[in-house]
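Chain G is fixed; fit chain E with the ligands onto it per the hints.
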Amino acid sequence: MNVVVCVKQVPDTESVIKVKPDGSDIITDDLKYVMNPYDEYGVEEALQIKEKFGGSVTILCMGPSRVVETIRTGLAMGADKAIHLDDPALEGGDAFATAKALAEALKGIEYDLVLCGKQAVDDDLSQTGQTLAELLGFPHASLIQKLEIADDNKSATVHCQVEGGLAVLDVSLPAVLTTQKGLNEPRYASLPGIMKAKKKPLDTKDLAALGLSADSVGCAGSKTIITKMTPPPERAAGKVIEGEGPQETVPKLVQLLREEAKVI
Amino acid sequence: MGNSVLVFAEVKDGRVKKVALEMLSEGKKMAEKLGGDLSAVLMGSGIESLAEQLGQYGADKVYVADNEVLKDYTCDAYAKVMADLIKANEPAIVLYGATILGKDLSPRVAARVETGLASDCTDIGLDDDGKFTATRPMFAGKAYVDLSFTDSKPNMASVRPNALPVSPPDESKKAEVVKVDVNISPDDIRTTVKEVMKTAGEKPDLTEAEVIVSGGRGMKGPENFKLIEDLADVLGATVGASRAAVDAGWRTVDDQVGQTGKVVSPNLYIACGISGAIQHLAGMSTSKYIVAVNKDSEAPIFQKADYGIVDDLLKVVPVLTEEIKKLKAEG
Ligand SMILES: Cc1cc2nc3c(=O)[nH]c(=O)nc-3n(C[C@H](O)[C@H](O)[C@H](O)COP(=O)(O)OP(=O)(O)OC[C@H]3O[C@@H](n4cnc5c(N)ncnc54)[C@H](O)[C@@H]3O)c2cc1C
Ligand SMILES: Nc1ncnc2c1ncn2[C@@H]1O[C@H](COP(=O)(O)O)[C@@H](O)[C@H]1O
Numbered sequence: 000m001n002v003v004v005c006v007k008q009v010p011d012t013e014s015v016i017k018v019k020p021d022g023s024d025i026i027t028d029d030l031k032y033v034m035n036p037y038d039e040y041g042v043e044e045a046l047q048i049k050e051k052f053g054g055s056v057t058i059l060c061m062g063p064s065r066v067v068e069t070i071r072t073g074l075a076m077g078a079d080k081a082i083h084l085d086d087p088a089l090e091g092g093d094a095f096a097t098a099k100a101l102a103e104a105l106k107g108i109e110y111d112l113v114l115c116g117k118q119a120v121d122d123d124l125s126q127t128g129q130t131l132a133e134l135l136g137f138p139h140a141s142l143i144q145k146l147e148i149a150d151d152n153k154s155a156t157v158h159c160q161v162e163g164g165l166a167v168l169d170v171s172l173p174a175v176l177t178t179q180k181g182l183n184e185p186r187y188a189s190l191p192g193i194m195k196a197k198k199k200p201l202d203t204k205d206l207a208a209l210g211l212s213a214d215s216v217g218c219a220g221s222k223t224i225i226t227k228m229t230p231p232p233e234r235a236a237g238k239v240i241e242g243e244g245p246q247e248t249v250p251k252l253v254q255l256l257r258e259e260a261k262v263i
Numbered sequence: 000m001g002n003s004v005l006v007f008a009e010v011k012d013g014r015v016k017k018v019a020l021e022m023l024s025e026g027k028k029m030a031e032k033l034g035g036d037l038s039a040v041l042m043g044s045g046i047e048s049l050a051e052q053l054g055q056y057g058a059d060k061v062y063v064a065d066n067e068v069l070k071d072y073t074c075d076a077y078a079k080v081m082a083d084l085i086k087a088n089e090p091a092i093v094l095y096g097a098t099i100l101g102k103d104l105s106p107r108v109a110a111r112v113e114t115g116l117a118s119d120c121t122d123i124g125l126d127d128d129g130k131f132t133a134t135r136p137m138f139a140g141k142a143y144v145d146l147s148f149t150d151s152k153p154n155m156a157s158v159r160p161n162a163l164p165v166s167p168p169d170e171s172k173k174a175e176v177v178k179v180d181v182n183i184s185p186d187d188i189r190t191t192v193k194e195v196m197k198t199a200g201e202k203p204d205l206t207e208a209e210v211i212v213s214g215g216r217g218m219k220g221p222e223n224f225k226l227i228e229d230l231a232d233v234l235g236a237t238v239g240a241s242r243a244a245v246d247a248g249w250r251t252v253d254d255q256v257g258q259t260g261k262v263v264s265p266n267l268y269i270a271c272g273i274s275g276a277i278q279h280l281a282g283m284s285t286s287k288y289i290v291a292v293n294k295d296s297e298a299p300i301f302q303k304a305d306y307g308i309v310d311d312l313l314k315v316v317p318v319l320t321e322e323i324k325k326l327k328a329e330g
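Taken in order, these protein sequences are the chains called G and E.
Quick note, the first sequence lines up with residues 0 to 263 if you use numbering that gives the first Met the number 0.
Quick note, the second sequence lines up with residues 0 to 330 if you use numbering that gives the first Met the number 0.
If you're looking for bench data, these hints aren't it; they were derived computationally from the structure.
You may find that some hints are simply not true.
[Claimed, not checked] Derived DSSO-like pairs: lysine-lysine, alpha-carbon spacing no greater than 30 Å straight-line:
{"id": "1", "chain 1": "E", "residue 1": "Lys86", "chain 2": "G", "residue 2": "Lys238"}
{"id": "2", "chain 1": "E", "residue 1": "Lys178", "chain 2": "E", "residue 2": "Lys70"}
{"id": "3", "chain 1": "G", "residue 1": "Lys238", "chain 2": "E", "residue 2": "Lys314"}
{"id": "4", "chain 1": "E", "residue 1": "Lys86", "chain 2": "E", "residue 2": "Lys130"}
{"id": "5", "chain 1": "G", "residue 1": "Lys51", "chain 2": "G", "residue 2": "Lys199"}
{"id": "6", "chain 1": "E", "residue 1": "Lys287", "chain 2": "G", "residue 2": "Lys227"}
{"id": "7", "chain 1": "G", "residue 1": "Lys227", "chain 2": "E", "residue 2": "Lys28"}
{"id": "8", "chain 1": "G", "residue 1": "Lys251", "chain 2": "E", "residue 2": "Lys314"}
{"id": "9", "chain 1": "E", "residue 1": "Lys60", "chain 2": "E", "residue 2": "Lys197"}
{"id": "10", "chain 1": "E", "residue 1": "Lys225", "chain 2": "G", "residue 2": "Lys238"}
{"id": "11", "chain 1": "G", "residue 1": "Lys197", "chain 2": "G", "residue 2": "Lys51"}
{"id": "12", "chain 1": "E", "residue 1": "Lys314", "chain 2": "G", "residue 2": "Lys261"}
{"id": "13", "chain 1": "G", "residue 1": "Lys153", "chain 2": "G", "residue 2": "Lys106"}
{"id": "14", "chain 1": "E", "residue 1": "Lys324", "chain 2": "G", "residue 2": "Lys261"}
{"id": "15", "chain 1": "E", "residue 1": "Lys60", "chain 2": "E", "residue 2": "Lys173"}
{"id": "16", "chain 1": "E", "residue 1": "Lys178", "chain 2": "G", "residue 2": "Lys261"}
{"id": "17", "chain 1": "E", "residue 1": "Lys17", "chain 2": "E", "residue 2": "Lys225"}
{"id": "18", "chain 1": "G", "residue 1": "Lys251", "chain 2": "E", "residue 2": "Lys225"}
{"id": "19", "chain 1": "E", "residue 1": "Lys27", "chain 2": "G", "residue 2": "Lys261"}
{"id": "20", "chain 1": "G", "residue 1": "Lys251", "chain 2": "E", "residue 2": "Lys219"}
{"id": "21", "chain 1": "E", "residue 1": "Lys303", "chain 2": "G", "residue 2": "Lys238"}
{"id": "22", "chain 1": "E", "residue 1": "Lys193", "chain 2": "G", "residue 2": "Lys51"}
{"id": "23", "chain 1": "E", "residue 1": "Lys325", "chain 2": "E", "residue 2": "Lys294"}
{"id": "24", "chain 1": "G", "residue 1": "Lys261", "chain 2": "E", "residue 2": "Lys287"}
{"id": "25", "chain 1": "G", "residue 1": "Lys17", "chain 2": "G", "residue 2": "Lys153"}
Just chain G, with the same shape it has in the complex:
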């Protein structure tokens, strides 16, 4: 089984996000970047598949030069090789433009399965995996909690989160699956792993190497455009309800919920 894991580098979830005064973007100066948490589940699952069936694990990551650190993390966890799509023209794309570049990068590569995170925690689109599947002409299944590859490697049984439960699906391979919490416990990179990662193959591709035109990717190739970014609406400072114990505070709360908030 050859597995490709799409990995995005995102600001750490602890980050304080500040919007530029002109509303064009966020201020990136002090941000610490990490591997998108959902993609860690993808890397872990791919490694487990390789341990069971053999084959290879390839990290596919698009972004500026800083993302190499995240790619190295994936390699240090145990992935065999990586493809880095790096070109200013690829930046700022919506899911359609991003998936287009990712799909192009997969041409000419042999693989049986593509894993994406359910969502990148920066843009929170939750679209790229499904879009990529459509562009590749493969089926997809989202929000997987369990994955079993059939012995002939031609299909997989997955447990997908659906409303109120789990759906058990048989998916023909190749397919794109989106990963989330509950699937596995991602391993940490070991020290020997970190040493080895430095020597693993990392193929950097720019737009020309991908063979795509600048107007079909990135911001120019996007179908949706961000016109303005704003900080979240402020929540007015709340009331702490004063009183001696629950016998006093709770009736006051209930009254506020009923008469002021009108939610009960």
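Relative to the frame of chain G, chain E with the ligands by itself:
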């Protein structure tokens, strides 16, 4: 391209989801501005009778794709019906609820008809020139963006449940029912549903619940979640949890609210024994009203809460349950 609005009306357990009515209410206003009509799509098996309700909520036309192959959701089948309808009718705008199903289906349809999708929006509208615009959170709600669309049509959006109001129905209104020929062969479906296992009860899913009561590490153990469940029962609420409570094994992953859990937008969110870590806030800060019960007055949750009680939740929650019971008994 046309000037109509098309709403994907999701059905669950034989009922139209509330979020579909929210989309119809907003879609109606947009269709009127655009001078086009409002249509809805129903998919499933034995669902034709639901068209009546969609008419009352504003649909001029309801496309009914009623077929055994659509009984269980598969993206392959549903995307084909949607994409075929869009190609045949060329709506200007297509709306979905940003439910688990809606978020699975909509990107696939958008990619197939090669158009843009604004996902998980908290607001949508038409600007003065009649151009579709959408507002959506990014960075787990730490920033919001306004989106516009390039020339590709239709403009598509999935909208978060509870984000938009439902207009009152007009019981005299009837929609024209258009039966859709479902041309799907088993080979078209590359993901076969073998089984659907229910893990949750009859309560609405967290992502759609109007009231949520959540517990965190301050619950001290799984047994105390009984207090949360009792409170949830009297409120008709769904139970949620912080990651600390899930990681401790007190609740299942399904219940987790936050950055790596579910993003929720209820009218009322009651956080018990939850400190309000940034990743938890990421999942619930768009709740209309937030109540916090925490014994630490310095807990960050109080900066987001509309109402707070600084006290031991083990004492507060049972009293709250009793008070609400009394209130409900009074009617
Ligand atoms: C990548 C990443 C993703 C994450 N995703 C999520 C996520 O999706 N959801 C999430 O929730 N967290 C998430 N976290 C974890 C988050 O950072 C916090 O660790 C977690 O939310 C803490 O849970 P808690 O508030 O229940 O526990 P704590 O922070 O330990 O807070 C417990 C609170 O209970 C109060 N308390 C204790 N006893 C009582 C009592 N008897 N009565 C009243 N109050 C009491 C305490 O004062 C305290 O404020 C994530 C972290 C990372 C790094
Ligand atoms: N720039 C990128 N490089 C590699 N993978 C990506 C990139 N952007 C998105 N993905 C993948 O798509 C998933 C969903 O992202 P999104 O649709 O942006 O929420 C992520 O978890 C990644 O697996």
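How the hints compare with the structure:
1. E:Lys86 <-> G:Lys238: Violated, at roughly 53 Å.
2. E:Lys178 <-> E:Lys70: holds, 16 Å
3. G:Lys238 <-> E:Lys314: holds, 20 Å
4. E:Lys86 <-> E:Lys130: holds, 20 Å
5. G:Lys51 <-> G:Lys199: holds, 21 Å
6. E:Lys287 <-> G:Lys227: Measuring from Cα to Cα gives roughly 24 Å; hence the hint holds.
7. G:Lys227 <-> E:Lys28: The given pair, whose Cα atoms are some 24 Å apart, holds under the 30 Å limit.
8. G:Lys251 <-> E:Lys314: holds, 15 Å
9. E:Lys60 <-> E:Lys197: Given that 30 Å is the threshold and the Cα spacing comes to 33 Å, the pair is violated.
10. E:Lys225 <-> G:Lys238: Distance of about 27 Å is within 30 Å: holds.
11. G:Lys197 <-> G:Lys51: The given pair, whose Cα atoms are some 25 Å apart, holds under the 30 Å limit.
12. E:Lys314 <-> G:Lys261: holds, 25 Å
13. G:Lys153 <-> G:Lys106: Distance ~20 Å between Lys153 of chain G and Lys106 of chain G Cα, so the pair holds.
14. E:Lys324 <-> G:Lys261: holds, 16 Å
15. E:Lys60 <-> E:Lys173: Since the Cα atoms of Lys60 of chain E and Lys173 of chain E sit roughly 9 Å apart, the hinted pair holds (cutoff 30 Å).
16. E:Lys178 <-> G:Lys261: The hint is violated at about 42 Å.
17. E:Lys17 <-> E:Lys225: The hint holds at about 28 Å.
18. G:Lys251 <-> E:Lys225: Since the Cα atoms of Lys251 of chain G and Lys225 of chain E sit roughly 24 Å apart, the hinted pair holds (cutoff 30 Å).
19. E:Lys27 <-> G:Lys261: holds, 27 Å
20. G:Lys251 <-> E:Lys219: Cα-Cα ~26 Å, so holds.
21. E:Lys303 <-> G:Lys238: With Cα atoms ~10 Å apart, Lys303 of chain E and Lys238 of chain G stay inside 30 Å; holds.
22. E:Lys193 <-> G:Lys51: Holds - the C-alpha atoms of Lys51 of chain G and Lys193 of chain E are around 24 Å apart, at most 30 Å.
23. E:Lys325 <-> E:Lys294: Holds: Lys325 of chain E and Lys294 of chain E sit about 25 Å apart, inside 30 Å.
24. G:Lys261 <-> E:Lys287: holds, 11 Å
25. G:Lys17 <-> G:Lys153: Violated: Lys17 of chain G and Lys153 of chain G sit about 47 Å apart, past 30 Å.
In the structure shown, a violation is registered for the earlier hints numbered 1, 9, 16 and 25, in ascending order.
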